[in-house]
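S.K.: As a plain string of letters, each chain reads:
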Amino acid sequence: MRTLINVPKTAKKGEIVEIRAMVAHPMETGYRTGENGVPIPRQIIHRFTCSFAGREIFAADLFPAMSANPFLAFTTVATGSGTFTFTWTDDDGTTQSAAAEITVT
Amino acid sequence: MAGRSLALAPLLAAVLATTVAVADTLEADRRSGYDLMSPELRAMQDDDLSNPGMFWVLDGERLWQEPAGAAGIACAGCHGDAQESMRGVAARYPAFDPALGRPQDLAGRISQCRTERQEAEPLARESDALLALSAFVAHQSRGLPIDPPGDPRLQPFRAKGAALYQTPIGQLDLACASCHDRNWGRRLGGSTIPQAHPTGYPLYRLEWQALGSLQRRLRNCMIGVRATPFDFGAPELIELELYLMSRAAGMAVETPAIRP
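Protein chains in written order, with the working numbering: chain A, 1 to 105; chain B, 106 to 365.
Treat the hints with care, as some may be off.
Stretches of chain B that chain A covers, calculated by requiring three or more beta carbons in the stretch to come under 8 Å of a beta carbon on chain A [to be verified]:
id : segment
1  : 181-195
2  : 347-357
Going by beta-carbon spacing under 10 Å, a handful of chain B positions derived as facing chain A [as the list claims (entries may be wrong)]:
id : residue
3  : 142
4  : 153
5  : 154
6  : 155
7  : 156
Honestly, the hints are just simulated from the structure, not real lab data.
Note that beta-carbon positions come from the ideal geometry of N, C-alpha and C, so glycine has one too.
Throw the hints in and build the complete structure from the sequences for me.
M.R.: This is the structure:
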């Protein structure tokens, strides 16, 4: 799995925690040309979501201006122990996902 | 990407023409490209979970464990735990290869194990697999001082690299030293000119949006002065690397570094 996720292992209830997620992806814009001027087709991740205990807590639409290997950081309030699920959706519909646990006391 | 370097060319001719030998880089004044980067980029390099170069290191770790070739042996099958067997190796490359009768860089050495020991298809220079293996092996030396071998057989090659470093090349007629010894720390268009220490390779360059080798970097600089770059794997690039590594002796390995 080509993702790097940073979620604190533990947090206090009500604490604001920072979550960082990066995925390996070329984010090909569709505006470049390759050998002999042949256009390189667009291939980007256009949607990222993060869910906690089955409920979506963060989502982002991504566009061609995003760099390769997109890195997203956001915060959430630690409400209880559980699993964050991260999903990246490609233009062609394929998805990659990753998960990370948090223990809230 | 070459386009960006070319666009800088007329500008830098003007900048450099006005500059005559400012003091050459002093030993005590050596700085890694890291020290010249913004705090944001340094933070990106320092945190393994925000450093995209780590994707290649992790890929390399997987490849290290995978049996390959007719021999069906993984790198790990012969070398075991890379944390032990590969510690410090990248810090002393390029090394003299008696069979070739000349120096070999780390990527070349890995390719050699791949074709001769694993009896597998060769990996192309700058392929993701070779970059990943090189990054994984070099990562085992992160934090260790660059330690060029004292092997006297390397000396003539290092001297050739040093001479090339001082030779003006390309339509702009600039030597590596014109920029990296006499104008480091100054700006060239949007970039700060570093001292050209090869401490972080292979590294993730934002302009490339990918990991790349030192040879790719050197070829970029050659294209930037409108010279015909040496081919990947060319002896001249390995000689330049030998010289750059001796110039950076004692500086810490940073692989995988980040650069703008």
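S.K.: So, for every hint listed, does it hold in this structure?
M.R.: Now the hints, each set against the structure:
no.	hint	verdict
1	181-195	violated (count 0)
2	347-357	violated (count 0)
3	142	16 Å, violated
4	153	8 Å, holds
5	154	4 Å, holds
6	155	6 Å, holds
7	156	8 Å, holds
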